[in-house]
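Protein chains in written order, with my numbering: chain A, 1 to 313; chain B, 1 to 287.
Note that these hints are calculated values from the structure, not bench results.
On a predicted model such as this, the values are computed, not experimentally measured, just so you know.
Treat the hints loosely; a few may be bogus.
[Said to hold, decoys possible] Cβ-Cβ distance ranges computed for the label pairs, FRET-style: (1) A/Ala192 / B/Thr96: 56 to 64 Å; (2) A/Ala142 / B/Pro156: 43 to 51 Å; (3) B/Met267 / A/Trp173: 49 to 57 Å; (4) B/Met267 / A/Val135: 43 to 51 Å.
[Said to hold, decoys possible] Covered stretches of chain A, as calculated for chain B (at least 3 residues, CB under 8 Å): (5) 116-128; (6) 170-183; (7) 281-291.
From the three backbone atoms N, C-alpha and C, an ideal C-beta is built for every residue, glycine too.
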Amino acid sequence: MKWTLLAVLAVVALVLSVVLGPAAVPLGELLRSDIVWNLRAPRALLAFLVGGSLGVAGAALQALVRNPLADPFLLGLSGGAGLGAVLAIALHLSGPWALPIAAFIGALAALGLVYRLGLIGGASLDPRILLLGGVAIGAFAAAITTAIVSLADAAELRNAFLWLWGGLSGASWDSVLLVALYAPIPLVVLMAASRPLDLLALGEESATYLGADVERVKRRVYLAASLLTAAAVAVSGVIGFVGLVVPHIARLTWGHRHRSLLPAAFLGGGALLAFADTLARTVVAPRELPVGVVTALIGVPVFALLLRRWTIA
Amino acid sequence: MLRRLLFAVLLVVGCRPSDRPTVRPSRIVSLLPSFTELLFAIGAGDRVVGRTQWCDYPPAALSIPSVGDGLPPNIEAVAARKPDLVVLYNAGPNVTAAKQLERIGIRTVLLDLNRLEDLGPAARTLGRLTGLEQQAESLARAMDSLTSTNLHQPPPTSTVAFIVWDNPPIIIGHGSYLDQLATQAGARNVFGDVTAPSAQVSLETIVARDPQWIAVLSDSAVPPAFAKRREWRAVRAVREGHFLLLPGSLFGRPGPRSGQAIQQLRMRLQRDGVGAQHAAPLHQTSR
């Protein structure tokens, strides 16, 4: 029942985001319209893939660092991606894909640094240090970014921030294809870690006694979730709240078993982002809202409602 | 004796409170490229002793020391030029800067300059302050005429969208200087219904409104990078390469050269428009 509802929700969100838009496309011409084929359809699919990826990455990271506040961007990735994008503009790297690639590399660099910091105590990856290191590296990257933006001449640099918070405007079949080929790998890695992630919730020691290879799981989960997030940043910038709120909503409804939690977070995140993006494009048309605003406006009340229902029950 | 008396009088005059209009400033710092252009145009260029790094016109302005980017103004760098008048653009951080300058005894003036109709008043104010009322008045009249010819203009023959940034797409709306430039040059801004000076829109809105031209402020001769992105190729003007690349120094700011900017834009629309109309008949799908 829960699954049917979620699947219906996901399909409805996808259909709505193809049917609705600021430009009036008659229903009869829907399948022949250039706007629908080349703009709306790839954007809807990209929203779904990115939202789903963020949902799964958030759920996995929350389990890994055992902190309900964990969010895919908390571990320094948004800071790294921002620095990459600003550097690309400052160094006048041109080309249609310069910014996404630079942001991806920046996110990977932040990921590497945070990972290295996480291993500072020895061979074991310490989730607490991972969390602190992520926040520190993120702040450091943001500071360098701000310094470059305020010192460099080009007024264009300020636009790097626009790009970083830009959402799904850059969606095309190219970016959909890219994510559709890339995301399954970390997604499968995370799904395969479902059982050990369940055990990790009991604490590292207990998980080890119960037969989980804790060190390997931690590394895999951290790397897979971060690689997933880095790709999301590269194609759609930093989109907040999906990776924070969706895993909690999924956990409140599906429980703590990652085997069902992760797919639910994927479908839920995808549906939420596709739906939020439809609203962002249409409610103030011809203008557009930043999609992160809408994800927060929808996600937080739903979350509060569920929280209330489940704490009272 | 007479010389001494004269000197004493001059001294008294020089010591008058700084807000008296009779004291003509001889050391002016201009903190907006448009003000620098206006000051030169009314003949006060030789009194400008400080400018922003963006002030690149007239060429003589380049030999004046820069006080930085002016965003916000560096108070100490401005004060170091020992100005007796600082001209600032009337906006939040500049109001604070003006107060701080006044506190150390430097006279300031905050001027609005967002649209064509602000040019006349700005020129007159600068003329009054510098004592060059006559030159300023004739410039101001020329500036005023830019907007008054609006009434008996033929209907626009071409449509344009100004793209400020590509991801997310940010366009120029009705409340802006560039929108006015387009109107005066005989083009219709397809986002003229957006009241804000600039706004984020969906790419599909740009496709649906189907402008003949994509205008971009750019000093480069090649179309912007987004022209190669697949999603932008859904816009017909992008596909057909109908870009208007407008150099920022001339088109990006209201100033004494606004008339020239309008002329150039009109010429480019007409010259290139013949071929463009042939390739893309004028039909307006936008609402």
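Each hint tested on the structure:
1. A/Ala192 / B/Thr96: 56 to 64 Å: holds (57 Å)
2. A/Ala142 / B/Pro156: 43 to 51 Å: The hint (43 to 51 Å, Cβ to Cβ) holds, given that A/Ala142 and B/Pro156 are roughly 45 Å apart.
3. B/Met267 / A/Trp173: 49 to 57 Å: About 39 Å separates the Cβ atoms of B/Met267 and A/Trp173, which means 49 to 57 Å is violated.
4. B/Met267 / A/Val135: 43 to 51 Å: Given a distance of about 56 Å, which is not inside 43 to 51 Å, the answer is violated.
5. 116-128: Violated - the region 116-128 of chain A has 0 residues with a Cβ nearer than 8 Å to chain B, which falls short of three.
6. 170-183: holds (count 5)
7. 281-291: holds (count 7)
Taken one by one, the earlier hints fail for this structure at numbers 3, 4 and 5, listed in ascending order.
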